[in-house]
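Undergrad: Now for the letters of each chain:
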Amino acid sequence: MAERYELKQKEVWDGNMAASHALRQAQVDVVAAYPITPSTPIVQNYAQFLADGYVDGEFVMVESEHSAMSACVGASAAGGRVATATSSQGYALMVEVLYQASGMRLPIVMTVVNRALASPLNIHGDHGDLYLGRDAGWIHLIANNPQEAYDMTLCAFKIAENEKVRLPVTTNQDGFLVSHTAQVVEPLDDDTAYKFIGDYKAMNPMLDTKNPQTYGAQTEEEWHFEFKASQHKALMESPAVIDEVFAEFEKLTGRKYNRVETYKLDDADVALVVMGSAYETAMVAVDKAREEGIKAGLIMPRSFRPFPYNEIAEKLKNVKAVAALDRSAPMGAMGALYNEVSGALAANGQSSIMTNYIYGLGGRDTTAQHILEVIKETEKNAKAGKRVTDLQGFINLRGPKLSFN
Amino acid sequence: MLQIRWHSRAGQGAVTGAKALADVMARTGKYVQAYSVYGAEKRGAPMTAYDKIDDNPILDHSKWMTPDYVLVIDPSLVFQEEIVDNTTDDTVFIVTSHMSKEDLLSIAKHLQGKKLYVIDAIKISQEEIGRAIPNTPMLGAFIKVSEIIPFEDFLVSIEDILSKFPKKIIEGNLRAIKRAYEEVK
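Chains as they are written, first to last, in the working numbering: chain A, 151 to 555; chain B, 200 to 384.
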């Protein structure tokens with residue numbers, strides 16, 4: 151029986167430490183992982199907890215991330231609670247198996263520390279890996295600080311394992327800006343955290359030899375479409391469970407999470423869509439903008455998948471101009487948040503003026519002042535009643551100004 | 200918000216020092232951020248670490264800051280002009296050096312006119328801890344200069360934070376902290 155870990159009411163943890171304690175408290179049966187910067191400390195801390203007697207489960211060392219996710223698939227299909235962690239290139243190497251995990255409806259939890267994808271090689275934070283897994287059939291939750299990295303990881307198990315969902319979930323935190331930034335975190339004690347998540351309920355476990363099961367069957371044109379449609383349906387219907395889990399978490403902790411987070415949006419003329427640690431930096435920028443008389447606000451999908459398109463459109467219905475800020479190289483298009491939000495508005499007959507900004511690639515610093523400048527540009531569109539700024543701009547990019555129309 | 204920037208070489212303990220200071224201040228009810236700016240560095244490469252301390256939750260996740268204090272824990276980095284980047288006339292510098300303030304200023308001209316304190320944190324850590332890990336003595340000097348919390352309260356918290364180490368290491372660190380508190384000029 152694992153020993154209880156004595157925690158203070160307030161700890162000073164970075165995002166990695168927060169995520170590893172959440173994994174420990176979930177009493178995961180199998181963690182299979184291949185450490186990679188900047189998520190290495192999640193795996194390292196977890197192995198330390200195991201060695202010190204705080205974890206009962208198995209820790210499987212593997213030779214690559216492809217193997218890590220493959221071992222997770224095997225252990226989850228066998229009937230255990232399973233988790234792992236990765237970043238960037240490791241995430242990329244897992245991609246094939248991410249689709250296997252979701253297709254087999256395995257409720258694996260993966261704590262992702264977001265990092266840029268090579269080339270050129272870069273260890274710092276951006277959302278290139280998150281966007282890579284966008285269509286992999288996983289639920290993707292976003293954490294903006296170490297407290298949220300802890301909270302989202304606890305919630306992830308409860309969402310993934312719900313009988314109506316049974317889908318894998320990633321929790322995402324920005325590399326270094328959250329993963330290596332120590333802040334005050336208020337953890338739950340071990341018993342309360344475990345009770346919130348609950349015992350693992352295996353569904354169709356392969357180790358139940360009296361009820362043989364097939365995982366990962368071949369389906370050609372007669373059934374493949376139905377499988378994928380039912381998987382998509384589970385994702386599309388998961389918001390009800392996510393809301394339920396967030397409500398229960400609020401009752402327990404007083405910390406309220408929403409699938410769509412907003413800041414000072416109610417009377418806003420201008421809104422920014424932004425996800426991750428920059429959402430909090432943008433809160434500082436919004437306060438400055440309001441001191442200068444600009445009615446600015448923020449909106450963020452807490453669940454990037456399933457994407458809360460109708461909720462976002464509803465909350466933006468009185469906003470005149472919207473700038474979507476994407477922390478990933480868009481490579482020949484507008485950024486994903488721009489596209490998703492534009493689609494959401496169009497689907498609801500709304501016509502806020504939309505622009506796109508790319509920021510923070512490879513860890514490039516994005517300050518409140520940079521974001522304030524974006525708010526001011528967006529306000530020009532709101533005032534003119536049409537787009538007078540460039541369609542796609544770049545924040546804090548060195549060299550001559552780059553933009554696209 | 201109080202903002203502190205550490206200049207160090209990788210392996211000298213600036214990250215640990217910054218996190219320990221954040222931990223100490225969090226115990227007084229403050230909100231904190233402690234982080235560092237990394238490359239994929241080897242031991243010995245120059246690096247910076249940061250503390251932000253405030254009465255309210257700290258939302259700004261940008262790395263940029265105008266430090267109130269600059270703590271330099273490697274004696275050779277004192278001579279790098281980068282240590283004065285983004286500082287103001289009010290920024291207080293506490294630097295590790297075996298030199299007197301006068302001798303130091305005659306070479307490190309970028310520090311002339313700055314509010315400067317000197318402590319030989321390398322020598323203290325070598326003599327008291329047995330290794331050149333100048334982070335904890337720098338904290339002792341910082342507490343003396345900043346008066347951010349009573350020294351006795353600091354000692355109670357830091358002893359608890361160091362409690363995972365062997366007794367000999369804890370005692371050495373506490374001696375180094377107390378000596379730096381007395382010797383910083």
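These are computed hints drawn from the structure, not numbers from a lab.
C-beta: ideal position from N, C-alpha, C; glycine also.
Please note: incorrect hints may appear among the correct ones.
Stated by the list, open to error - BS3-like, lysine-lysine: derived pairs with alpha carbons at most 30 Å apart: (1) A/Lys160 with B/Lys308; (2) A/Lys533 with A/Lys445; (3) B/Lys322 with A/Lys158; (4) B/Lys343 with A/Lys160; (5) A/Lys465 with A/Lys383.
Stated by the list, open to error - Computed list of chain A residues with no C-beta within reach of chain B, every gap over 12 Å: (6) Lys160; (7) Lys314; (8) Asp324; (9) His330; (10) Pro362; (11) Ala397; (12) Asp419.
Undergrad: Determine for every hint whether it applies to the structure shown.
TA: Results for each hint:
| no. | hint | in the structure |
| --- | --- | --- |
| 1 | A/Lys160 with B/Lys308 | violated, 43 Å |
| 2 | A/Lys533 with A/Lys445 | holds, 12 Å |
| 3 | B/Lys322 with A/Lys158 | violated, 35 Å |
| 4 | B/Lys343 with A/Lys160 | holds, 26 Å |
| 5 | A/Lys465 with A/Lys383 | holds, 24 Å |
| 6 | Lys160 | violated, 6 Å |
| 7 | Lys314 | holds, 34 Å |
| 8 | Asp324 | violated, 7 Å |
| 9 | His330 | violated, 6 Å |
| 10 | Pro362 | holds, 48 Å |
| 11 | Ala397 | holds, 23 Å |
| 12 | Asp419 | holds, 22 Å |
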